[in-house]
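Visitor: One letter stands for each residue in the lines below.
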Amino acid sequence: MLSAYIPIAIFVVVATGFALFTLVFSSLLHPEKYNKVKLEPYECGIEPMTDARDRYSIRYYLVAMLFVIFDVETVFMFPWAVIFNKLLLFGLIEMLVFIFILLVGYYYAWQKGALEWV
Amino acid sequence: MIDQFVIPLLKIVIVLNATLVAVSYMVLLERKVIAWAQSRLGPMRVGPYGILQPVADAVKLMIKEDITPVRADRWVFTAAPIISMVPALIVYAVIPFGPKVSLFGRQVSLSITDVNVGLLYVVSVASVGVYGIILAGYASNSKYPLLASLRASAQLISYEVAVTLTLVSVVLMAGTLSMVSIVDAQYNGRVWFAFVQPVAFVVFFIGALAETNRAPFDMPEAEQELTGGFHTEYSGMRFALFFLAEYANVIVASSVATTLFLGGWLRPFPNVAMLRFLGFIPSWTWFLIKSFVFLYIFIWVRATLPRYRYDQLMRLGWKVLIPLAIANLVVTGIVKVLLS
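For the protein sequence lines, the chains are A and B, in the order given. Residue 62 is where the first sequence starts when you use our numbering, and the numbers rise one by one after that. Residue 3 is where the second sequence starts when you use our numbering, and the numbers rise one by one after that.
Everything labelled a hint here was simulated from the structure, so no lab data went into it. Certain hints may be false.
Listed below are the simulated DSS-like cross-link pairs for lysine-lysine, each with C-alpha atoms no more than 27 Å apart in a straight line [to be verified]:
1) A:K94 <-> B:K338
2) B:K62 <-> A:K94
3) B:K66 <-> A:K97
4) B:K62 <-> A:K97
5) A:K173 <-> B:K321
6) B:K338 <-> A:K147
7) A:K99 <-> B:K338
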């Protein structure tokens, strides 16, 4: 069964090789006339004063954490969905309990305002 | 030896080339369609009706000066477009373009490979592309790319949840994760999943628009607020790789939607004997036609709809699509138990 993954491994090598090849090939062709102004980061013509990696909104962390929770939940659902034809009612009730717990957390996050952007 | 290495390699080369051509011509198609939507002509200069425009674009990007800003992290700055592009391409490894056919006396399946967790592979590999975007923004060390990459990654992971949940209901219908078997399930079930899972289909399509950063969800490239998005600092070939990844993702999304919801390579009404005369059209043609329809809708949506605001985007993703996807999943499960 593992042999089905050999083409994928080949594809990864070919795709990476293609990307590197185009980069190297174009570096042989393109001009290199750099100067100080050209190499500055783009900031609408103003000279950058500080490092750009500043603090940013806490919202992004919240989204990332919610994503981890929900995505792990969905990963649990995939095997359940594959053998659902054998489980039927038993599987349905089990999954309803699982989704209920998920929804409680979802409702909590909603009420706490974690899903609001502004 | 031949079955394990040579034939897959041939298929990979064919698919890779087809993708590159498709990407460059999708750019032309997009420019043309949007131009027609706005009563313009679009590219007309290079070749008759501009059909050689993609070639000119490729040559131009090849010989453009490639700039690495002084403050940028050199290695990550170069690695980011590669990390973004490779996953976009290798998703094609599991997409079935047709059933097994005999070529030169040899049974060849028209997919590069068929792994038994195909759908999971698509979902997981497609999301690796986020790393490329966030690394690009971070390595650029410039304000606009950083903000855009944060936005892009938040948007991608938000819609990922809804899309993955809708895929679970497709798996529920098919009872398998293999892409080939999902198409077979639509043949055996006598109906395309778009008709039994309309909610999943719509949620998937909206999610696909958001996941590929397409209008009306193209906040990461909102040029009025963020100049160029996460690739503002990129130029030349490294920019081209991002561009390639973006359009390759759109084509992947169309192919996956075709496979899961529109019966993949199956002709319309595959079980109706009266339409058997359509069998002279090779199966992969149907696949390409259906994918093309999706691509066209992607462009059509872009030409029609204005851009969402960021908080509207997040609200749609978290408060509308996720509950809808969960409800659809529960209803599907209940109906399946009732029908059994």
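Visitor: Next, verify each hint and record whether it holds.
Guide: Comparing the hints with the structure gives:
1. A:K94 <-> B:K338: violated (66 Å)
2. B:K62 <-> A:K94: holds (17 Å)
3. B:K66 <-> A:K97: holds (18 Å)
4. B:K62 <-> A:K97: OK: K62 (chain B) and K97 (chain A) at ~24 Å, within 27 Å.
5. A:K173 <-> B:K321: Given pair K173 (chain A), K321 (chain B) holds - Cα atoms ~13 Å apart, limit 27 Å.
6. B:K338 <-> A:K147: holds (11 Å)
7. A:K99 <-> B:K338: Violated, at roughly 62 Å.
In terms of the numbered hints stated before, the structure departs from hints 1 and 7, listed from lowest to highest.
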